[in-house]
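If you read the sequences in order, they're chains A and B.
To get my numbering, take the position in the first sequence, counting from 1, and add 254.
Residue 96 in my numbering is what sits at position 108 of the second sequence, and the numbering runs on without skipping anything.
These are calculated hints, taken from the structure and not from any lab test.
Just so we're clear, the structure is a prediction, and the values are computed from it rather than from any experiment.
Ideal placement from N, C-alpha and C gives every residue a C-beta, glycine not left out.
Just so you know, not all the hints are guaranteed correct.
[Claimed, not checked] Now the in silico label distances, taken between C-beta atoms and shown as ranges:
1) A/Glu467 / B/Ile161: 48 to 58 angstroms
2) A/His450 / B/Thr22: 49 to 59 angstroms
3) A/Lys468 / B/Leu72: 32 to 42 angstroms
4) B/Ile23 / A/Lys489: 53 to 63 angstroms
5) B/Gly20 / A/Glu477: 52 to 62 angstroms
6) B/Thr5 / A/Asp300: 30 to 40 angstroms
7) B/Ile161 / A/His450: 25 to 35 angstroms
8) A/Glu467 / B/Gly100: 57 to 67 angstroms
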Amino acid sequence: MSENRPEVKKKIKKQPLSDRRKFILNMARGVGLATMGGFVWSAYIDEVTASELLLRPPGAIKEEDFLKTCIKCGLCVLACPYDTLLLAKPGDHKPLGTPYFVPRDIPCYMCPDIPCVPVCPTGALDEASVTTDGELDINVADMGLAVVDDESCIAFWGIQCDACYRACPLMGKAITIEYEKNTRTGKHAFMKPIVHSDACTGCGLCERACVTEKAAIFILPRETAMGRAGDYYIKGWDKEDEKRLKNAKEIKTVTERSKKSAIDSLNDGLGDLY
Amino acid sequence: MGTLWNNYRYLILRRTTQIGLLVLYFGANAWGWTILMGNLSSSIFLNFVPMSDPYAALQMLAAGAVLSADLLIGVAVIGIFYLLIGGRVFCSWICPINMITDAAAFTRRIIGMDRIQGVKQPASRNIRYWVLALSLILSFIMGVTAFEFISPISMVHRGIVFGLGFGWAAMLIIFLFDLFVLKNGWCGHICPLGGFYSLVGKFSLIRVHHLEENCTLCMKCKDVCPEKQVLHMIGKESLPVLSGECTNCARCIEVCDDDALRFSIRTFANKKKTGENNENNE
Chain A
255 MSENRPEVKK
265 KIKKQPLSDR
275 RKFILNMARG
285 VGLATMGGFV
295 WSAYIDEVTA
305 SELLLRPPGA
315 IKEEDFLKTC
325 IKCGLCVLAC
335 PYDTLLLAKP
345 GDHKPLGTPY
355 FVPRDIPCYM
365 CPDIPCVPVC
375 PTGALDEASV
385 TTDGELDINV
395 ADMGLAVVDD
405 ESCIAFWGIQ
415 CDACYRACPL
425 MGKAITIEYE
435 KNTRTGKHAF
445 MKPIVHSDAC
455 TGCGLCERAC
465 VTEKAAIFIL
475 PRETAMGRAG
485 DYYIKGWDKE
495 DEKRLKNAKE
505 IKTVTERSKK
515 SAIDSLNDGL
525 GDLY
Chain B
-11 MGTLWNNYRY
-1 LILRRTTQIG
9 LLVLYFGANA
19 WGWTILMGNL
29 SSSIFLNFVP
39 MSDPYAALQM
49 LAAGAVLSAD
59 LLIGVAVIGI
69 FYLLIGGRVF
79 CSWICPINMI
89 TDAAAFTRRI
99 IGMDRIQGVK
109 QPASRNIRYW
119 VLALSLILSF
129 IMGVTAFEFI
139 SPISMVHRGI
149 VFGLGFGWAA
159 MLIIFLFDLF
169 VLKNGWCGHI
179 CPLGGFYSLV
189 GKFSLIRVHH
199 LEENCTLCMK
209 CKDVCPEKQV
219 LHMIGKESLP
229 VLSGECTNCA
239 RCIEVCDDDA
249 LRFSIRTFAN
259 KKKTGENNEN
269 NE
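Based on the provided sequences and hints, a complete structural model is requested.
What follows is the structure, given as structure tokens:
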């Protein structure tokens, strides 16, 4: 028996793997490689889709939904008569293949028949969002929002310029000129362009028209351009606005001290405070 | 000239189709043609027939997108087309990457890469099905169409139609990978779209048929085939190539000097016998 032992050992060593063991090992290898690849892949996707400063064609649905719905066919790009829309190429640092535009180069000229939207096969550009009373209406489009940098805008310096105001297709609604006395000279007026977010479509004609070296008025995605007051601050003098209070939820901050009432801790003598 | 045509007829037809489609798509963007607009992900033929990539739609579904009617019609058009003529016909007759990987395979044969790497392939051809599954899982988890954001196919095709950017790098990577790393690496091992169409084409009607009695075992067909596992019956049995992984590229038919391979319509009833008889009666 004892002499046989080494021989048996050798035999076991040289024995080919059983089918079951092979199968298990192969599966483990597959799952392992898939996990590895999956993480690399998802990390890459997370990076390329994390572009916030992107202006989409009119009628684009929420960015999050846009990324899953757009099939990247470029039919909107073909439909655009002004070559405004581009498809993101590798190297553009934008979600690959999705349509966008750069208003300083070519803005959206707000065609009344919005040719880019109805051609979308997937509904990533949603006709309903640019329709008023059953008819296409580019004026309700929301591609972004114009923002004025009042430090580089020469109208804010007191130099007369109303290029953006004149270029705006919704002149007098999306951009108005506000007059203000120029106290530096004492005899001139500032003519400041003011953007109104409820009317601005983000077409970018103002950015295109801006005379400064780098545009002092530019389009940002609305989500990036705007803050949010939240439900705790209301215009108390405005009956409509006051209704928002209903949405406000109570915040309770529970700290060690306020276990009792806050009033108590102030009136209980100085014992609690020191 | 006759032999040239005989030896390369399908190759010439395939390149004509591939390049012709590219020209039509390109013309739509550059010169406003309306014959074929869009790209391989989704397009519209003659301003009327919508066509959409069913694999992209599948990823959209996994990502949780709402599929529009236009898209579903397009998917049906393309889906039925490939169900009938063989899913991977896309790979060898339409896909622009095919020209790159064919060029790599051709270069491999010319410089004799196989002689230093050996015939044994170090990777499984089933990787594509894993990648296919993974793409759907990632689409589901991340809420985006996972493969569409990395696909070199749409990157290259979109690039040619709408502007390439760094897309040429993707082309070069695939060429070098196929040339130096893995024979038929991208199309034959990794590409999940190829995997998807392999599954779609399982029941398609147009098949390459092998006639064992004509075969002289020269194995030229296996040399040239990018998916040579599908030719397992060569010299053994008169059988149609039934695997969905066959791309119907017809290179095997062209290189065969003995008329042992030809296209035929698949016969479902009494497969083997009728197949043989039909061939003999011709």
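Going through the hints against the structure:
1. A/Glu467 / B/Ile161: 48 to 58 angstroms: About 39 angstroms separates the Cβ atoms of A/Glu467 and B/Ile161, which means 48 to 58 angstroms is violated.
2. A/His450 / B/Thr22: 49 to 59 angstroms: 40 angstroms, violated
3. A/Lys468 / B/Leu72: 32 to 42 angstroms: 57 angstroms, violated
4. B/Ile23 / A/Lys489: 53 to 63 angstroms: Once the Cβ atoms are compared, 58 angstroms apart, the range 53 to 63 angstroms for A/Lys489 and B/Ile23 holds.
5. B/Gly20 / A/Glu477: 52 to 62 angstroms: 35 angstroms Cβ-Cβ, so the 52 to 62 angstroms window is violated.
6. B/Thr5 / A/Asp300: 30 to 40 angstroms: 37 angstroms Cβ-Cβ, so the 30 to 40 angstroms window holds.
7. B/Ile161 / A/His450: 25 to 35 angstroms: 49 angstroms, violated
8. A/Glu467 / B/Gly100: 57 to 67 angstroms: 59 angstroms, holds
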